[in-house]
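J.: Given next are the chains, with one letter for each unit.
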Amino acid sequence: MKKNNWKGWLYLLPAILFLGVFMVYPLVDVFIYSFEEGYNSSSQTFWGTGWYNYLYVLHDPYFIQALKNTFILVLITVPLSTLLALLISLGLSSIKKLRNMFQTIYFLPYVTNTLAVGLVFMILFQTTEYTDGMFNFVLSLFGIAPIDFIEGPYWAKMFVLCFYTVWVVLPFKILILTSALASVNKNYYNAALVDGTRPFRVFRKITLPMISPTVFYLIITGFIGAFKAYSDAVALFGTNLNVAEMNTIVGYIYDMLYGDGGGYPSYASAAAIILFVIVLTITCINLLISKKHVHY
Amino acid sequence: MEDTRSHNRAKAVKKIFIYLFLGFWALLVLFPFYWMILTSFKSYGEYTGEVVPKLFTLAPVLENYFFAFDAVPLLDYLANTLVFTLATTGIMLIVTVFASYGFAKMEFRGKNLVFTIFLALMMIPNELVIITNFVTVTNAGLRNSFMGLILPSVASVFYIYLLKENFEQVPHELYKAAKVDGTSDLKFLFKVMVPICKPTIVTITILKVIECWNSYVWPRLITDEEAYFLVSNGIQAIRESGFGRENIPAMMATVVIISVPLIVLFLIFRKKIMAGVSRGGTKG
Amino acid sequence: MKVVLENLTKKFPGRGKTSPGVTAVDNVSFEIPDGKLVGLLGPSGCGKSTTLNMICGLEAPTDGKIFFGEDEVTKLSPELRGVGMVFQNYALYPHLTVEENIRFPLENLKKEKKLSKAQMKEKVLEVARLVQTEELLDRKPAELSGGQQQRVAIARALVKMPKVLLLDEPLSNLDARLRIQTREEIRRIQRETGITTVFVTHDQEEALSISDMIVVLNNGAVQQMAEPQMVYDAPANLFVAKFLGTPQINMFEGRVAEGKLYIGDEAVMAADGAKDGDVLVGVRPEGFVLDENGGLAVELNSVEVLGRDISIVAKHKAFVGSSLRVIVDSENLSMIGNGQVRFRLKPAKVYLFDKTTEERIRL
Chain A
1 MKKNNWKGWL YLLPAILFLG VFMVYPLVDV FIYSFEEGYN SSSQTFWGTG
51 WYNYLYVLHD PYFIQALKNT FILVLITVPL STLLALLISL GLSSIKKLRN
101 MFQTIYFLPY VTNTLAVGLV FMILFQTTEY TDGMFNFVLS LFGIAPIDFI
151 EGPYWAKMFV LCFYTVWVVL PFKILILTSA LASVNKNYYN AALVDGTRPF
201 RVFRKITLPM ISPTVFYLII TGFIGAFKAY SDAVALFGTN LNVAEMNTIV
251 GYIYDMLYGD GGGYPSYASA AAIILFVIVL TITCINLLIS KKHVHY
Chain U
1 MEDTRSHNRA KAVKKIFIYL FLGFWALLVL FPFYWMILTS FKSYGEYTGE
51 VVPKLFTLAP VLENYFFAFD AVPLLDYLAN TLVFTLATTG IMLIVTVFAS
101 YGFAKMEFRG KNLVFTIFLA LMMIPNELVI ITNFVTVTNA GLRNSFMGLI
151 LPSVASVFYI YLLKENFEQV PHELYKAAKV DGTSDLKFLF KVMVPICKPT
201 IVTITILKVI ECWNSYVWPR LITDEEAYFL VSNGIQAIRE SGFGRENIPA
251 MMATVVIISV PLIVLFLIFR KKIMAGVSRG GTKG
Chain X
1 MKVVLENLTK KFPGRGKTSP GVTAVDNVSF EIPDGKLVGL LGPSGCGKST
51 TLNMICGLEA PTDGKIFFGE DEVTKLSPEL RGVGMVFQNY ALYPHLTVEE
101 NIRFPLENLK KEKKLSKAQM KEKVLEVARL VQTEELLDRK PAELSGGQQQ
151 RVAIARALVK MPKVLLLDEP LSNLDARLRI QTREEIRRIQ RETGITTVFV
201 THDQEEALSI SDMIVVLNNG AVQQMAEPQM VYDAPANLFV AKFLGTPQIN
251 MFEGRVAEGK LYIGDEAVMA ADGAKDGDVL VGVRPEGFVL DENGGLAVEL
301 NSVEVLGRDI SIVAKHKAFV GSSLRVIVDS ENLSMIGNGQ VRFRLKPAKV
351 YLFDKTTEER IRL
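Chains as they are written, first to last, in my numbering: chain A, 1 to 296; chain U, 1 to 284; chain X, 1 to 363.
Be a bit skeptical, because a hint or two may be false.
As the list claims (entries may be wrong) - Distance condition first, Cα-Cα at most 30 Å in a straight line; then the derived DSS-like pairs of lysine-lysine:
#, chain 1, residue 1, chain 2, residue 2
1, A, Lys7, X, Lys111
2, X, Lys111, X, Lys75
3, U, Lys272, A, Lys7
4, X, Lys242, X, Lys315
5, X, Lys163, X, Lys242
6, U, Lys198, U, Lys164
7, X, Lys65, X, Lys2
8, U, Lys271, U, Lys191
9, U, Lys15, A, Lys205
10, U, Lys176, X, Lys36
11, U, Lys191, X, Lys114
12, X, Lys260, X, Lys275
13, X, Lys65, X, Lys121
14, U, Lys187, U, Lys272
15, U, Lys191, X, Lys140
16, X, Lys65, A, Lys7
17, X, Lys163, X, Lys110
18, U, Lys15, U, Lys111
19, U, Lys271, U, Lys15
20, A, Lys7, X, Lys275
21, X, Lys315, U, Lys191
22, U, Lys271, A, Lys97
23, X, Lys275, U, Lys176
24, U, Lys176, X, Lys123
25, U, Lys111, U, Lys14
26, A, Lys97, U, Lys14
27, U, Lys191, X, Lys121
Unchecked claim - Short derived list, chain X residues pointing at chain U, Cβ under 8 Å:
#, residue
28, Cys56
29, Leu58
30, Ala60
31, Leu76
32, Pro78
33, Glu79
34, Gly82
35, Met85
36, Phe87
37, Asn89
38, Tyr93
39, His95
40, Phe104
No wet-lab data here; the hints were simulated from the structure.
Owing to the predicted nature of the structure, the values given are computational and were not obtained by experimental measurement.
The beta-carbon is built from N, C-alpha and C at its ideal position, and this holds for glycine as well.
With the rest of the complex left out, here is chain A (with noise of 0.2 Å):
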C-alpha cells in the first residue's frame, strides 16, 4: 500500500492548491487584516494592531443600520418562508393532478438571475412619474393609496425586500420539503387512517415528527443564508445601499472593501468576523434547539 503514498497526493494536489490559496491563506489573513490598526491597502502599511477595527465598525451608523436590517431581514423571512414551504409542500403531497406542474412552476425561481429578476420586481414596486406600478393598482383595489415601496419609507423597502427574499428562497425549501414529506413511509398513515385519527393529528404525531430533521436543517441553513443577503437588495435598490437604507452585513463588508466608499479591508475583515461570529452563534443555539426537538 505504501507504492500509492505519492500518487494519492498527487490526485489531492489540485484541490489542496486551489484551497490553500483562496481558502485556507485567506482565512488567516482575515484575522490578521481585523487586527492591523490604520492599514493603508496603497502603501500596504499600518501602525498598529489591536481592536480598533472592531470598534469603529461597531460604532459605524452604516453598520449599525446593516445589523438592524439583516436582523429584521432574517427573523421576518426564515419563519415565514419555512412556514410557506410547508404548507405549500403539505398541499402538494395531498393533491395527484396538476402536482409536476405545480413543482416545475415553484421551482423556478431557483434557476433565475437573482439581479435579473430583481429588476422586475423593482418595476412591479416602484412608483415613476408616469405609472404607480403594478403592485400599487392592486392595493388601489382595496383603496389603498400608493406608495413608493423602492424609494420611500423604510417599512415599505423591507417589506417589498421580504418579499423578493421569501420568493427567492422558497422553491429549495418547497423541494427539500416536498422530498422529505414523499419518503415518510405510507403505512404509518394508513395505520392512523385504521385507527380512525383525525388529519391535524396525523399531521403533528406524524408528519411532523418524521420530517422534523429535515425542517430544522431548513431552518439552520436558513438562517445562514439570510444574513449572508446581499444580492437580493442589490438587485431591488440599487448598488448604493447605504443611502437607501438597506444594507445588509455582507453589503457593508463589500462596500468597505471596494468601491466608493472602500478601500478598508481591515474594517472589512472586522465585520466579516463579526458576522461569522454571530452567524456561528445562531447555527450553535439552533442545534441545541434541534437537539431537543428533533425526534431521530
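Start from chain A and add chains U and X according to the hints.
T.: Leaving out everything else, chains U and X in the frame of chain A:
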C-alpha cells in the same frame, strides 16, 4: 349514508381550497416572469402611456430586443458568462473528481487528517475569505481577467465531499478486479468510477452552472471593465446607467434574454436538476 | 501451471502503536499440481481469502515466496502474473454490458499483446460460449440473475486465458439450487480449459463435491491437504475432524488401556498400537451399529425419522459437547426401544486424538 356524503363534501371543499392556495402561489411565482415578457413586447410609447398597467398588449413589438442588443454589449456579457461558466465548471469538475478519487480509493498516510481539514473548511463562509482573495487577485494583477474571475471558485469542498461519498459506495472489489486486469488507477477512474457515479457528477455540474450563471458578488469585486462583465454585472450596469431608468421595456428585454438560457436548460433537464438540487443542498 | 507456496506469512499491522497486529497467514506451504482444482476450506477468518489474495498479487506477503511453475512471482503485480480472479460479489462493472465487461481485461493489453477489435470480439465470443452466456452479451449486469452474473464473472476472468484461475467464495451469493448447478458448471469449465484453479470456500460440501484437492486452513495455518474423501475419512487432527461432516462428529472422553479403548467404564473396541492414557475419541454419526451386545450404552433422548435414515439424539456421561447424534438406517427403527440403547462402533469411523496436541493418534 348521510354521514358519508357530508364527509365526501367536506373532502371536496378541502381539495378546492388546496388547489386555490397552490394556484395562488403559482400565480405569484409566475407573475414576474409574465410581466417581464409582456413588458419586453410593449413599445416604449405604449408602456409609458399606461397609467394603469395593462395585463396584455394588443400590439407586441420586437424593437426592445433589437435595442437591447444595440445599446449595451449584451452579446459580450452572454459570451463572457458562458466562458466563465464553462471554464469554472470544467476546472472544478477535474479538481473535484481527482480529489474525491484520492480520498475514496487511495491509501496514504495523512489522508484522514487532510480530509478532516477539508470538512472543517466546509463551515467557512465565503464572506470571510473573499476579502483576502480580493487583495490576492488584485496584487497578482488579475483584476479584469478571466483567470481572476475563475480561479478562486474552482475548488469546492462540498462537491468533493459529495462525490467522495458516492465514490466510496462503489464496491472495492471492482477496484481489485481492475487491478487484476492491469488497469491503471487513472483508467479505472475514468472508465469505471466516473461512469458509475455519473448522476452525482451531473448534479454537481448543474449546481455549479446555476451558481456561475447567477454569480454576482465576486465578478462585481474583480471586474470594472465592461469587457469582462458577466450578465449579473451587466444587468446592474444597465439598471444604473444603461437605458437610464427610463426605457423599462428595453430593460425587460435584456432581463428576458439573460434569464432564458437557464430556464430553457431547466425545462429540458427538469427531473435531473430537481433531483440534483434536492440531493445537493444549499444554494450559494 | 503448478503453483507453489513457500513459507507464506502475512501479518497485518495493528491499529495504534501498542497493538501487536494480526497474523492472518502463518508460514503456509503447499503445492498445487498443474491443472488441478483445489479448494481452500476453512472457517471465516482462517486466512483463506488472504492466501488467495496473495496468490493473486492483490496483497503482498510479509514473508515467504510464491512460484508459478518455476518462476517466482512473489513481487509481481497481478496483471503480470497472468491470473484471473472471480470475486465473491462478482465485481461486474454495472455500467457496462456483459460484452464490455468480458472485453475489459483485453483492452488493457499493451504493445505486442494488443488485440484488434475483431480479435477481441472473437475472444469474447469464444469465452462467452464456454460459459454459455453468448445470448446475454448485450445485457447489463443488473438485468442478469445471480447465476448468470457468476458466469459472466468467470468469463471475464478467463478471457485472457490466465495461467491460474482464482475464485473467492464463488457460490456463496447463490441460492441452494443454483449452487449445485453452478458448482458443476465450474467443474466442467475447469476440466475443459485445464487451467489450474484455486477457490476459497467455507462450505465443506462445496469443497468436497468439486475439488481434486482440499487444503483445510485454520488460524492461518494448513491443517491438512488431501483428496476430498481422505480429508473426511482420515482427518489429520481434531480441527479437521470437527470441521468436516454434518452432523458433526461426536466427541468422547476416552482412555486407552492394554490395547483396548474405553469410553466411560466400557471397552468399546480394540486400540492396538496406541499408548496407554487418556485420549479424545471422535466417532462419526454413521459409525454406530445397533447391537444388543455392543460396548457403548447411551441414554435415549429422542428419535427423529428422516426417511432413509433415522437420527438418534442421546446422552452419555463421557460425551463432550451439546448433543450426541447417531445416524442409522431406518430399517432399524423397530429395534429401538426406550431408555438405554447399545451400539457397536465401526473402527474406520472412530478416530483417536491426543488430548494436548489434538493430533490424530494413528492405530
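J.: State the violated hints by number, sorted upward, taking the hints as numbered earlier in the document.
T.: Of the numbered hints, 3, 5, 13, 18, 20, 21, 23, 25, 30, 31, 34 do not hold.
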